[in-house]
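**Student:** Assemble the complex: chain Z is given as a structure, and chain C must be docked to it using the hints.
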Amino acid sequence: MLGLNKKDTSLLIIVALLTLLAPFILNPFPADSAMAQFNAGYPDLMQRFVIFGIFAIGFNILFGLTGYLSFGHAAFLGIGSYSAVWMFKLLSYNVIPAIALSIVIAGLFSLLIGYVSLRRSGIYFSILTLAFAQMSFALAYSVLSNPKFNLTNGETGLQVYADDPQIFHREGLPDLPHLFGLSMRSTYTLDVGAWSFDFNAGYYLCAVVMMIVFYLAIRIFRSPFGIMLRAVKSNQQRMNYTGLNSRPYTLAAFVISGMYAGLAGGLMAAMDPLAGAERMQWTASGEVVLMTILGGTGTLIGPVLGAGFIKYFENIFSKINDSVLHGWFAFLPDGMEDFVVAVLHPFVGKGWHLTLGILFMLVVIFLPGGLVEGGQRLINWIRGKRSGETDKPSGKTEPAE
Amino acid sequence: MGILEVKDVGKRFGGLQALSNVNLSVKENTVHAIIGPNGAGKSTLLNCLVGKLIPDTGSVMFDGQSVLGRAPYEINQMGISRVFQTPEIFGELTVMENMLIPIFAMRDGAFRMHAYETVENEREVIEQAEQMLEEMGMADKRHMHSASLSRGDKRRLEIAMCLSQKPRLLLLDEPTAGMARADTNNTIDLLKQISDERDITIAIIEHDMHVVFSLADRITVLAQGTPLVEDEPQNIRGNPKVREAYLGETA
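As you go down the protein sequences, you meet chains Z and C in turn. Here UniProt numbering is used: position 212 in the first sequence is 212, and no number is missing along the way. Here UniProt numbering is used: position 114 in the second sequence is 114, and no number is missing along the way.
In isolation and in its complexed conformation, chain Z is listed as follows:
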């Protein structure tokens, strides 16, 4: 189907089902129950899952295939957001021109940054991209925000004001980002017994976009171009002596991943019409690296899983505070309860980074292929158990896809 083989088609269908049914899947607990805080099916968080999924899919085209580790991809995310908000300010709140411009501008910037950074490889390439991203951050944060020439609105962040031109804005259109009149904030809530499910227009826009770019990523992975990118990672020497110029291949991969990042940034602004410089900071660039490695570098589905995993932790684990912990361990004797809460305290709430860090270390040490490898091992283990061949050597690793 769609030029994909059977395995890839089923992967695409699984991803489509998961994203379309996410409002159900992510809300497994009744709205009033004690477990409701683990529900992730609210629009804001679902949008973030998908947007960072797009960001990570694009990053993986560069890092997973060519092995070039960019530490500056958040710059393109930020550039995408700024471009989108400018479209809102100048034209109208319609998201289509905003997203289109964010992809184009991010593509142009990545062409420039990539052209310079790709003159080096390995750690020097990473440092160059990091330097560019930090320069972009500084530009957005202060340099390009002065009374004479205010492109980014500095610390406050770029937003739409009442006196902005918005030349295509008409009466009756929502005063928020919309798709031809359909507000990105409009949400239909379905109540089934004790459960409550939110269907948000913005989320479904992001979900459809993600399915399209996921499909494109599969096509790239399976194309001759994809083989060339993997050849870059494997042996550049042999590549050059085989009549191939590796530079344009890496640059093309860099620009594609930059455009994915710009798209993610544009979608972010389309969900919430605000662009701030902190989006471009190096921590944001590091986050997408973590997502890709955690999920499984060079695999198709891994980056999406990694993005979901990290965003879930960031939003759900960080909400567990001491009173919640006390509630869970109320059944223990008083002294024990306080002790357990004191032990767990550093790992939840504001300390969620600590838990994430430990998980990241465990994955890197025991599952170098990320969550995807974990899943494969699990499936192999279950299959082995079912057919009774538990003594089968598991040394054979299949290419993770």
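Source of the hints: derived by calculation from the structure; they are not laboratory data. Be careful, since some hints might not be right.
[Said to hold, decoys possible] No more than 30 Å apart at the CA atoms, straight line, and that leaves these computed lysine-lysine pairs for DSBU-like: (1) Z/Lys233 <-> C/Lys141; (2) Z/Lys233 <-> C/Lys52; (3) C/Lys154 <-> C/Lys241; (4) Z/Lys233 <-> C/Lys166; (5) Z/Lys6 <-> C/Lys141.
**Tutor:** Relative to chain Z, chain C alone:
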């Protein structure tokens, strides 16, 4: 007039004159060996031919065109393929994928953005790759990860990759270095077969006398960066100058 003409090539690294006044002519469809003791400048010469180094003086002409100043990939596109001392293959890819890359490179040039086509639909390229694997006796290993091949098979794959581009000149840099005797003999047979069956010129840099004398139609002896003699194998064997510079110290 040979297919490869090296004229007055010199190369200096700091205080070391690695090559001086190197003249070499490789005739079409022959096997030409370049031998010499350690430090004679064999590898430097080879690197000057493939674009990795640019000589300070002299010229290198391939088929009437200068190769100097061109990048390795451009020189490859002119029709020169190089086999490395330790096999350079794409270790993370399967044998089949390894074979596809040079064929794509030959068909599409140094860069093509074929990102929306599917490899499985490239029937012609796949058939060529399969045929080459068949000829090299590696068809049964096509789905293997190339990193898990034996040393001899890696060498075989590398040669297959080079041949699939139908090069006019094949450069081999000590192709049997570090090989067991049996593997060495296999490689000699393979190279003999290639030079007999194909319309190809082979230039080989080698340490191993057994390999050189079994393969070469013509031999150039390099010593201290300068060619000492260039002659047919039987004349090289008895040449006292060569004995002194090279064979003498091993005998």
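**Student:** Confirm or reject each hint.
**Tutor:** Each hint, compared with the structure:
A distance of roughly 22 Å separates the Cα atoms of lysine 233 of chain Z and lysine 141 of chain C; the hinted pair therefore holds under the 30 Å criterion. For the proposed pair lysine 233 of chain Z and lysine 52 of chain C, the alpha carbon gap of about 20 Å is at most 30 Å, so the pair holds. Among the hinted pairs, lysine 154 of chain C with lysine 241 of chain C is inconsistent with the structure: their alpha-carbon atoms are about 37 Å apart, more than 30 Å. At most 30 Å may separate the alpha-carbon atoms for a hinted pair to count; lysine 233 of chain Z and lysine 166 of chain C meet this at roughly 25 Å.
For the proposed pair lysine 6 of chain Z and lysine 141 of chain C, the alpha carbon gap of about 24 Å is at most 30 Å, so the pair holds.
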